[in-house]
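Q: Residues per chain are reported as follows:
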Amino acid sequence: MGGFSILICDDETDLAGELGEFFTTSGWSTIVRTTAPDALEALHGGLAPTCLLTDLRIGEFDGAELVTAARRLPPHLQPSILAIMTGHVVDSTGAGDFGVDFLYVKPIDPDVVLNDLELLLSVRGDAPQEG
Amino acid sequence: MISWSNKARVKLRILPLALIVTTVCLFAATTLLYIWQNQQRAVMSATVQGSGWVAYQAQLEYVKSRVEMERAVARPTGTALEALQLRLELLRSRLPLLYQAEEGKLLNEIASLKSGVQEFEVMLDTMLDRLPTLAPSEIATSEEIGTWLDTVEPLGRTLQSVLMAAVAYNGDLYRRERELAAMPAIVPLALLFISGASLAGVLLLQAWRDRQRLAAVEAATAALTAMEENLRAVIEAVPASMTVIDPRNDTVSFINPAAATMVDASPDHPDWQRLIRAALEAARLGDGPRGTLKMTFAKANGDVVSLCGTLCSVIFEGRAQTLLVLMDETRVRDADLQLLQAAKLATLGELSTAIAHELNQPLAVIRMAVANAHRMLAADGDRTAIAGKLDRVSSQVERAKSIIDQIRRYGRIPSDSLDRFSLRHAIELAVGFVAQQYRASGIRLTIQLDIPPELMVVGEQALFEQVIVNLLVNARDAFQEKALDHVPSVWLRARSNGAEAVIEVEDDAGGIGEEMLLKLFEPFSTTKSVEKGTGLGLSLARSVVRQMNGQITAGNMWAGACFTVVLPVSAAVPAREAA
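The listed protein sequences derive, respectively, from chains V and A.
For the first sequence, position 30 (counting from the first letter as 1) is numbered 52 according to this note's numbering, and the numbering increases by one without interruption.
For the second sequence, position 384 (counting from the first letter as 1) is numbered 420 according to this note's numbering, and the numbering increases by one without interruption.
Derived from the structure by calculation, the hints contain no laboratory data.
It is possible that some hints are incorrect.
[Claimed, not checked] One-sided excerpt, in silico: chain V residues whose CB lies under 8 Å from chain A:
1. 34
2. 36
3. 37
4. 40
5. 41
6. 79
7. 93
8. 109
9. 110
10. 123
11. 124
12. 129
13. 132
14. 133
15. 137
16. 141
[Unchecked claim] What follows is a list of derived Cβ distance ranges for each label pair:
17. V/148 <-> A/482: 42 to 48 Å
18. V/145 <-> A/482: 47 to 53 Å
19. V/145 <-> A/521: 28 to 34 Å
Treat the numbers as computed from the prediction; the structure is a model and nothing was measured.
C-beta: ideal position from N, C-alpha, C; glycine also.
Isolated chain A, as found in the complex:
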């Protein structure tokens, strides 16, 4: 992995831009230079063609015309006049060429003389018109032509200056030609080379950056592939059952070995559909956090396993699918149930004295009623009264039976199924189990159940009753060996709080030590004697409450301890299911 500092990254971003700007500038400069050179060469080519020749020809014709004029002044013969006529016409034809030639267009000195030259053209036209009218060999003709010599004098000077300007321009052209010749031809080539090199630099830099990016992408792809392979290896190694479900048709896309062992190695096995439907239903109806579920599943061999797990969305094979993770907690659950059973039996042992007392009451009544019935029979007494005694015996037998049923119900091995049950009914059953014990111990038990019978929670009812019994037994034991100046009291309260039900068991026995509060729910934490407690009651109570997706906490109130159980209230069962 390559790591750059921010400064280096900024430089790498600016460098291509600078190279591009340089390339554009150099290219523009090269182009302008090329154009300028071409222009210079064109100008030289054009002007070299003229190169002052027109001015020279005009000057030459002027001189010839003056010579012919001077001849005509000396001897104004017809031949002389005709020769003068020819010369003046040639001179007249040369004059427009002065400003129409390249020099006339390029040289300001010549261009500025255009109007003056045109005046001379008019003058020459006048002379040419006059010349045919002059009589040969006449003194007047000689004299008039003599005046023309003075008239054309300015034209001679003008032509001289034009010639000089053309000559000077030719000199300048020569100088510029030499400069062009002296200018190294390598300059534009070098500029073009630098421009091309900059462009190549830009391309190379971009290619380098692309290679860097490609390398990074390849590295990321390799890392992703390795991660996927590792993840797949982990998924296949974990003991949890992991199944990827295609949500389009709820079919199996992937199963790990644990899942294959639990259900079947073939994703097409019909048991998979059964498992998927059950899991989706359990997640939908579950009261736990979103996506969590608890369920039971009957395996093909008939074994029923207790499963807990989660459902979540994953990207698998490039599309969104559902990952189902399930843990077989059957063994843990069985161990928990056995532990709970042991704790319950221990509680039963603790309560045996109270149970004996509870059973002795109906037995005592029965014995007395039987004794009285015997006496009535011996005295041949009233049969109706005897029947009344038998009814009393029967009712007391029912009373004893209900006590035994309660004990049997309490002592039975709890199932591992989670069902909806009436919270109020469960609390009342638990209270019924310890009520006599409270009476026998002289503890005032105040019950305040502000919840309707139809308020339901989800869990194993027998285990929840055990939780309440444990809390009430603990509250009773809190008064043991304590000298109190008041009637010992315990309050059992239940209320609904929105989507939760809150159950509180509070006593006024002085509270729990701060040190013990910290480890109260840890296994084998107890303040009771070995004969009194296993130290597992509160730990198991926490397990049971957590299994119901609830919480149990403990704290000290004004006069004693208060245990609070918070449980989620189960949603109402749809009419279809209830039916």
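Chain V with its partners taken away, still in its complex shape:
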């Protein structure tokens, strides 16, 4: 499945790059940002990605705030899927606590993430964007 777009935000440059490469080779249109302000700027700039995958802690910026900001965008600019990844141990915390669709704990399995996203998109009936 291809034609979807994803905005990846993580201050861990290597990880963000590898994630971007993975989704790119999976046929996704990928945008990588290593700071939250850059990601916010992209969202406000009309990027409207299919998915937003962000680290929970990006420098001094809270990834949850980026998710909140994405949710406040106009409906046509909001990502269909919001996902957070974190390096912390989150035994009793779930995606619902952050108001997102998925919460991943690093090191994440990219195939699992890809499957989760594409499965949810198919369930929701979202069509791939025209590339």
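Dock chain A against chain V, hints included.
A: Frame of chain V, contents of chain A only:
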């Protein structure tokens, strides 16, 4: 112990002086009295010998001469004239004796008549010269001699007065003799006795004072001996090793049982020389107060003991020697190290979440790189790109390894040796351990290290890093459950201040309660929950800093708490040692 009032002491000082003065005065008086009596006796003896006899003889010759004159006037025969001649010559010879005798010297009445008597001597000489020229049996001769009777009349009166003066003087002599006889002979004896008694009093008093002083000296000597015996007993009883070293050749003069147990009972054992050299070197190089030292010593059985102690000068066996006191703090040190280790492990537990996060980052990159490499391999992709993925995996493995090394370094059991280490490097290592935790907590950590890498301090580096980590973790925890309207910030500053290095950890979390400030460094004092803190961190931090001869204090600044660590900077190592 005899105690006297000041008044009594003054009296005791004046009394001998008064006795001495009295003795001297009495002795002088006795001497003068003796001299006077002797003089009186000599005068009486001399005058009694004369006792007016000369005046009497002269008076008698005068009367005889007048009789012969009157005979010659009545019948101026040759025989009469010759008899007169003889009498006048005798009278003439008596006159000088009047003033040459003792009476003449002693009695003013006689002495004053000397010139008058001498005139009579001239008169008699004239008569004696005239007499041979007179013709016997002549009326003229009779008449001339008749005029002589009148001429010698004054001589008769003078001789009478001299005789009367001599008689009166004899009377006076008699009176004085009676007075001397009446004077009790006991007086000078009594004076001499009193003088001698005063002298004896002086001697007795001085002897008494000498006895008092001797008793005081004996008492002091006895007290000193008892004190020395007590001190020796104490020295032998104390568990500390006490050794007296002869500084002339650094040999052992005395050892107590504890020292004998630690090294050897024989002062000649070669291990003593090894210990003494090590102690002197440790005291010379030590950064602590003068004379204090910390050292390790390998005992004969192979055990290495941790020692602390002092070197000081003492008077032993009558000469200046060096006392070396050493305490075996191996057990205390071991207990401290175990406690520190427990606290470190507790800190590691607290940091486990942050450590997991730190490790998950490289793992995440590795997993993603491996996934992408697999895809490249499946698509028979570019080998160079695949090698790049492997390099990335390798670098992330190194990154994970460095994190684990840091944890292992932090968690290792600290040694009990004190070494010189770079203060800046140690602070940087400690900061590296908690930096991610700060990032994860959203706390801004500002590092300002105004010290060169070559600035050295002495201590156990791992323990000092633990101190900095504890302070930074405490600063982080100070922001827990606090609603802040600003970005939480912590400042870590280090600067050199002369011979000291000052390290400050300050936060803006609102400060520490006054009550807690007072007991902040006491064991088990904590404001954290049981899960968060052991309450030992600051207590152990103080132990570590004190062991480094430094100080740690806490106070509240404008917006939060500030912990200050002051450490002595280690002197530069001589080139010989550095080599």
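Q: Hint by hint, note whether the structure agrees.
A: Evaluation of the provided hints:
no. : hint                        : result
1   : 34                          : 6 Å, holds
2   : 36                          : 5 Å, holds
3   : 37                          : 5 Å, holds
4   : 40                          : 3 Å, holds
5   : 41                          : 6 Å, holds
6   : 79                          : 6 Å, holds
7   : 93                          : 21 Å, violated
8   : 109                         : 4 Å, holds
9   : 110                         : 5 Å, holds
10  : 123                         : 20 Å, violated
11  : 124                         : 15 Å, violated
12  : 129                         : 4 Å, holds
13  : 132                         : 5 Å, holds
14  : 133                         : 7 Å, holds
15  : 137                         : 13 Å, violated
16  : 141                         : 18 Å, violated
17  : V/148 <-> A/482: 42 to 48 Å : 46 Å, holds
18  : V/145 <-> A/482: 47 to 53 Å : 48 Å, holds
19  : V/145 <-> A/521: 28 to 34 Å : 43 Å, violated
In terms of the numbered hints stated before, the structure departs from hints 7, 10, 11, 15, 16 and 19, listed from lowest to highest.
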